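Go by the hints and put chain B onto chain A.
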Amino acid sequence: MIRVQREDFDLGAELAALTAGNHKIGGLAVFVGLVRDVVGEQALGAMTLEHYPGMTEKMLERIEAEAKQRWPLEASLIVHRTGRLEPGERIVLVAAASRHRQAAFEACQFLIDWLKTKAPFWKLEETESGPRWVEARAGDDQAAERWKKRDPDAAE
Amino acid sequence: MKLLYFAWLKTKIGTAEEELNPPPEVDTVAALLDWLAARGGGHAEALADRNALGVAVNQEYARPEDPVGPDDEVALFPPVTGG
Numbered sequence: 001m002i003r004v005q006r007e008d009f010d011l012g013a014e015l016a017a018l019t020a021g022n023h024k025i026g027g028l029a030v031f032v033g034l035v036r037d038v039v040g041e042q043a044l045g046a047m048t049l050e051h052y053p054g055m056t057e058k059m060l061e062r063i064e065a066e067a068k069q070r071w072p073l074e075a076s077l078i079v080h081r082t083g084r085l086e087p088g089e090r091i092v093l094v095a096a097a098s099r100h101r102q103a104a105f106e107a108c109q110f111l112i113d114w115l116k117t118k119a120p121f122w123k124l125e126e127t128e129s130g131p132r133w134v135e136a137r138a139g140d141d142q143a144a145e146r147w148k149k150r151d152p153d154a155a156e
Numbered sequence: 157m158k159l160l161y162f163a164w165l166k167t168k169i170g171t172a173e174e175e176l177n178p179p180p181e182v183d184t185v186a187a188l189l190d191w192l193a194a195r196g197g198g199h200a201e202a203l204a205d206r207n208a209l210g211v212a213v214n215q216e217y218a219r220p221e222d223p224v225g226p227d228d229e230v231a232l233f234p235p236v237t238g239g
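Line order of the protein sequences matches chains A and B.
According to my numbering, the first sequence holds residues 1 to 156 in order.
According to my numbering, the second sequence holds residues 157 to 239 in order.
In isolation and in its complexed conformation, chain A is listed as follows (with noise of 0.2 Å):
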């Protein structure tokens, strides 16, 4: 399940609503994002983040889908807010659960790896300098990177 939605989440009430009912669930890896105080040297009193409401859910349809396809999940959610945040708040929540912790634990890696690359998001921080828009970090891209499926054709 994916939702995109301004309001905070419950975490305890998200996750036991997600593996409510199925006892084959043996693992339930989680990531949940929040908002730093500080970026680089500069402290941030708050970010906007907005987005391309259609293309959004589509793409993180699309992420899901992708990592049901690449592991046995028995339950998946992407959970991301948009607006206004402050320091300490929640952003985003992925969960992944599986039978075992391994298809969990990469599953729920995948999924916020591939959703920073490829979900229409941007940020825009608030510092004493000023709002300035977030760049993209080559970390994230390397971190996608590493899901990409190599083609077995393609030479090394």
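Derived by calculation from the structure, the hints in this document are not laboratory data.
Fair warning: this is a prediction, and the values are worked out from it, not measured in the lab.
If a hint is listed, it holds; no wrong ones were tucked in.
Cβ pair distances, simulated, as ranges: (1) A:F31 <-> B:R206: 28 to 34 Å; (2) B:N207 <-> A:G21: 47 to 53 Å; (3) A:A136 <-> B:G196: 25 to 31 Å; (4) A:F31 <-> B:R219: 27 to 33 Å; (5) A:A65 <-> B:G225: 24 to 30 Å; (6) A:K149 <-> B:N207: 22 to 28 Å; (7) A:D37 <-> B:N177: 44 to 50 Å; (8) B:P226 <-> A:Q5: 30 to 36 Å; (9) B:D222 <-> A:R137: 23 to 29 Å; (10) A:A20 <-> B:P179: 55 to 61 Å.
Selected chain B positions facing chain A (Cβ under 7 Å, derived; list incomplete): (11) W164; (12) Q215; (13) G239.
Using N, Cα and C, we set each Cβ at its ideal position, and we do this for glycine too.
Same frame as chain A, now just chain B:
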């Protein structure tokens, strides 16, 4: 053609959305970007560095050679930074 701009492209161009009618020969993403940049002003400034530019046609990521037409929704944006 419906054009959508996000993040700093929206700021530089000065609008989030506009309806434009490029001529028929503007039939690829690359040609559309050239045409938009030639309008000058905020469009030219926003499109100065195309390496850092993402494009979606009808909500699908698109490449410079991909086709565009009058009924399409085309979005321009910087690299995504969610999560």
